[in-house]
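Number of protein chains: 2
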Amino acid sequence: MDLRDLFKGDYLNQEVTLKGWIKNHRRQKEFGFIDFNDGTCFSSIQIVYDNKLANFEEISHILVGSAILVKGIIIPSQGNQEIELQATSIKVLVPSQEDNPIQPKRHTREFLREVSYLRPRTNLFNAVFRVRSTVALAIHQYFLNRGYVYVHTPILTDNDGEGAGEMFRVTTLDLKNIPKDEDGNVLYKNDFFGKKVGLTVTGQLQAEAYALAYKKVYTFGPTFRAEVSHTKNHASEFWMIEPEIAFCNLDELMDIEEDLLKYLIDYTLKNCKEEMAFFDKFVEPGIILRLENVLKTKAARITHEEAIKILLESGKKFEFTPKYGEDIATEHEKYLTEEYFKSPVFVKDWPKEIKAFYMRLNDDEKTVAAVDLLVPGSGELMGGSQREERLDVLQKKMAELKVPEKGLEWYLNLRRFGGGLSSGFGMGFERLIIYLTGVDNIRDVIPFPRTPNSCDF
Amino acid sequence: MDLRDLFKGDYLNQEVTLKGWIKNHRRQKEFGFIDFNDGTCFSSIQIVYDNKLANFEEISHILVGSAILVKGIIIPSQGNQEIELQATSIKVLVPSQEDNPIQPKRHTREFLREVSYLRPRTNLFNAVFRVRSTVALAIHQYFLNRGYVYVHTPILTDNDGEGAGEMFRVTTLDLKNIPKDEDGNVLYKNDFFGKKVGLTVTGQLQAEAYALAYKKVYTFGPTFRAEVSHTKNHASEFWMIEPEIAFCNLDELMDIEEDLLKYLIDYTLKNCKEEMAFFDKFVEPGIILRLENVLKTKAARITHEEAIKILLESGKKFEFTPKYGEDIATEHEKYLTEEYFKSPVFVKDWPKEIKAFYMRLNDDEKTVAAVDLLVPGSGELMGGSQREERLDVLQKKMAELKVPEKGLEWYLNLRRFGGGLSSGFGMGFERLIIYLTGVDNIRDVIPFPRTPNSCDF
Numbered sequence: 022m023d024l025r026d027l028f029k030g031d032y033l034n035q036e037v038t039l040k041g042w043i044k045n046h047r048r049q050k051e052f053g054f055i056d057f058n059d060g061t062c063f064s065s066i067q068i069v070y071d072n073k074l075a076n077f078e079e080i081s082h083i084l085v086g087s088a089i090l091v092k093g094i095i096i097p098s099q100g101n102q103e104i105e106l107q108a109t110s111i112k113v114l115v116p117s118q119e120d121n122p123i124q125p126k127r128h129t130r131e132f133l134r135e136v137s138y139l140r141p142r143t144n145l146f147n148a149v150f151r152v153r154s155t156v157a158l159a160i161h162q163y164f165l166n167r168g169y170v171y172v173h174t175p176i177l178t179d180n181d182g183e184g185a186g187e188m189f190r191v192t193t194l195d196l197k198n199i200p201k202d203e204d205g206n207v208l209y210k211n212d213f214f215g216k217k218v219g220l221t222v223t224g225q226l227q228a229e230a231y232a233l234a235y236k237k238v239y240t241f242g243p244t245f246r247a248e249v250s251h252t253k254n255h256a257s258e259f260w261m262i263e264p265e266i267a268f269c270n271l272d273e274l275m276d277i278e279e280d281l282l283k284y285l286i287d288y289t290l291k292n293c294k295e296e297m298a299f300f301d302k303f304v305e306p307g308i309i310l311r312l313e314n315v316l317k318t319k320a321a322r323i324t325h326e327e328a329i330k331i332l333l334e335s336g337k338k339f340e341f342t343p344k345y346g347e348d349i350a351t352e353h354e355k356y357l358t359e360e361y362f363k364s365p366v367f368v369k370d371w372p373k374e375i376k377a378f379y380m381r382l383n384d385d386e387k388t389v390a391a392v393d394l395l396v397p398g399s400g401e402l403m404g405g406s407q408r409e410e411r412l413d414v415l416q417k418k419m420a421e422l423k424v425p426e427k428g429l430e431w432y433l434n435l436r437r438f439g440g441g442l443s444s445g446f447g448m449g450f451e452r453l454i455i456y457l458t459g460v461d462n463i464r465d466v467i468p469f470p471r472t473p474n475s476c477d478f
Numbered sequence: 022m023d024l025r026d027l028f029k030g031d032y033l034n035q036e037v038t039l040k041g042w043i044k045n046h047r048r049q050k051e052f053g054f055i056d057f058n059d060g061t062c063f064s065s066i067q068i069v070y071d072n073k074l075a076n077f078e079e080i081s082h083i084l085v086g087s088a089i090l091v092k093g094i095i096i097p098s099q100g101n102q103e104i105e106l107q108a109t110s111i112k113v114l115v116p117s118q119e120d121n122p123i124q125p126k127r128h129t130r131e132f133l134r135e136v137s138y139l140r141p142r143t144n145l146f147n148a149v150f151r152v153r154s155t156v157a158l159a160i161h162q163y164f165l166n167r168g169y170v171y172v173h174t175p176i177l178t179d180n181d182g183e184g185a186g187e188m189f190r191v192t193t194l195d196l197k198n199i200p201k202d203e204d205g206n207v208l209y210k211n212d213f214f215g216k217k218v219g220l221t222v223t224g225q226l227q228a229e230a231y232a233l234a235y236k237k238v239y240t241f242g243p244t245f246r247a248e249v250s251h252t253k254n255h256a257s258e259f260w261m262i263e264p265e266i267a268f269c270n271l272d273e274l275m276d277i278e279e280d281l282l283k284y285l286i287d288y289t290l291k292n293c294k295e296e297m298a299f300f301d302k303f304v305e306p307g308i309i310l311r312l313e314n315v316l317k318t319k320a321a322r323i324t325h326e327e328a329i330k331i332l333l334e335s336g337k338k339f340e341f342t343p344k345y346g347e348d349i350a351t352e353h354e355k356y357l358t359e360e361y362f363k364s365p366v367f368v369k370d371w372p373k374e375i376k377a378f379y380m381r382l383n384d385d386e387k388t389v390a391a392v393d394l395l396v397p398g399s400g401e402l403m404g405g406s407q408r409e410e411r412l413d414v415l416q417k418k419m420a421e422l423k424v425p426e427k428g429l430e431w432y433l434n435l436r437r438f439g440g441g442l443s444s445g446f447g448m449g450f451e452r453l454i455i456y457l458t459g460v461d462n463i464r465d466v467i468p469f470p471r472t473p474n475s476c477d478f
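Protein sequences appear in the order of chains W and H.
Heads up, the first sequence is in our numbering, so the first residue is 22 and it goes up one at a time.
Heads up, the second sequence is in our numbering, so the first residue is 22 and it goes up one at a time.
Hints are not guaranteed to be accurate.
Per the computed footprint, the stretches of chain H lying under chain W, defined by three or more beta-carbons under 8 Å from a beta-carbon of chain W, are [stated by the list, open to error]:
1) 33-43
2) 102-108
3) 272-282
4) 370-379
Computed Cβ-Cβ distance ranges for the label pairs, DEER-style [what the hints assert, rightly or not]:
5) H/Asp26 x W/Ser110: 43 to 51 Å
6) H/Asp384 x W/Glu305: 47 to 55 Å
7) H/Asn206 x W/Asp461: 56 to 64 Å
Calculated from the structure, these hints are not laboratory results.
Glycine is no exception: its CB is placed at the ideal position from the N, C-alpha and C atoms.
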């Protein structure tokens, strides 16, 4: 049986059989204690065994990490847990060697990254990746229950979406022997797809096409950035959620974003109680209260211009002086969310020059209907916009921002055939997990992180 | 409001407001009919309008594909539907041009692939991609409700998993100017990850590591094959589901596979009634009955040897003669599932030479604990195995099959530290959708298919 079912049910004085791994092992002369877990829940159970067992000698030498089959009776516990297991038989299924890097002691997160194929066996990472799984499913449920269609937008693409992010090139050409024309240009027509292809930076443009068929859609899949960045917020491969809703304006979009955020916080607090208690105790004291407070407050909604005004009038000394028409720095986000509003903050109506080509031009012709959701502790969590549905305005914007129409004819066609009237946003999944767990390095919330010069396992 | 809610509720004689698209438009002198859909359900609703509306002239010229805002009263219908909408006002939100490729007539699937950003607006593809979304969520629910942890295994990887499939290379090197050493070898150390990296062909090996922490895990993500194959079953990018379960043997694995298959069939029949009725009528007559029959029968379980025996004794003339020790061809799968057993068939215990290195060697030392699930109509739907947990046996197999240990040291380490005792299988998601819908070309069940020389939108 699974340990999670054992903890949920009433098995006192009953015999049970479990298969799992030894987390800790303390032996004494005539008896011993094993911390046992099968991975189906966060808590371990204590196994007590004594020298009445025929293979007592063998058992007492089983190393941490070994897989065992244990039978025994559930009895009331003297220790932390309510119950423990009095073993009637213990059998080794797969022994562990002595040099097992995962031992019942504190390991640094840096060390554990070097053995990331073993780290989910530790308490911290076991909690992190169970929360990651739970939240992923909560996201699917949220959209499913509201009639959204889940779309698998392509990973391989010939357009770079944002017109910005650096892309990984994907090829089957022999790198030793790249075919070139007389002028030294690569002959992409000889490549697998007959053209220059890379890894997607966003599924948004394709999601828009689907929103114009299903009204409400979302993507949830991997995206890529080939930027050489070594911060704790950047990975080369990460997962993103991108909902897109037809006939939705910027105000309605903010409603959806806030509702989703609160749903996910509430869901996590309710369904990951043990894990959240662990984070609250060992990772970020106060995180549960911080998240509960978000549930009780309404997010502020201000324009970019108002944000700059608040920052300029704050009297705070910032490293970067806030400026109308320019982006908002991390320190500014921090002030707005943690000091001024003490809540999540939507900042909308951004200067058109610093935002992407597809965002809808406002009537002032200076700003676009874009909105960033900033949250205390993590900064920007979601970025969205109403899309430009007016073909002529869109083409003018593309020309201004030097986004070539070639390769995006189909995207323009959407506007020709009854479309373009939609809004959507993107949420970095890892950023959400960082926000919900307090584990503050993106390398520690991705099972096998990929960063510059690092692609192991 | 959403059309799906309108159809579900009782709105007779009430006023409603809808936003969506014109699917068909028949105008007469004094009134007109619009087939209207907002994408939230398969069925359209008929809008009736007449010349009492002030903008009757304008309305009667609105083209198919245009986005409109309509207000009106729900009345009993004279036609196929139970209700229709008597319009009190119709406003164009985004007009469509006359050259909209999607018109209310039959389009060939080949033509629609060329405008795959528009094809979900047709009945067939609207149904296909709604089923795809529904089944994706059914898969998540199936595993969630059984305590599995969902793992995002990496897309970028330096190992090729199966030791077989051809991989796409991923690079940020300047293809015009590839850095090479004196012997002409590519200097991968100058590349983004400092090594040779490609797109994953399977997440299994990494999923195994996680099964040894959580007992039950699954992956669901994109995988890639750089094979130049032009069949209707092959795409360069497709999604795969890979469950991995610790302490699970081959018999238990088959139980899980059969249970999952039946769950997904049952879920689809119950939750996609309109879409399945459409497929049954227009795509594959009899498909509902075929799927219902699978629910009633227990899948056969035979060894590879028994399968060959049945084929040899069948008296059938096959193009390829069945042979002990060799793979089973499509025509053989067809005979076993459609003629001999008339049910799904598990074929297990395959010759070790033709299967992957990680599959557990049986006691006969000739076969491995591998199993393929064959289904009537679609052939192989799932492929799984018990993994080799014995380090020495695994290393011997790798040497025999010429799989280098370099890069897989971590995978071997799993066996050193209490692991390896698990089983798992892979299921191609598109193959499943083909099986459930009867739409028999993989290009027609992927939103934006990628195949050799084709990577558009």
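> What are the numbers of the hints that this structure violates, sorted from low to high?
Replying inline: 2, 3, 4, 5, 7
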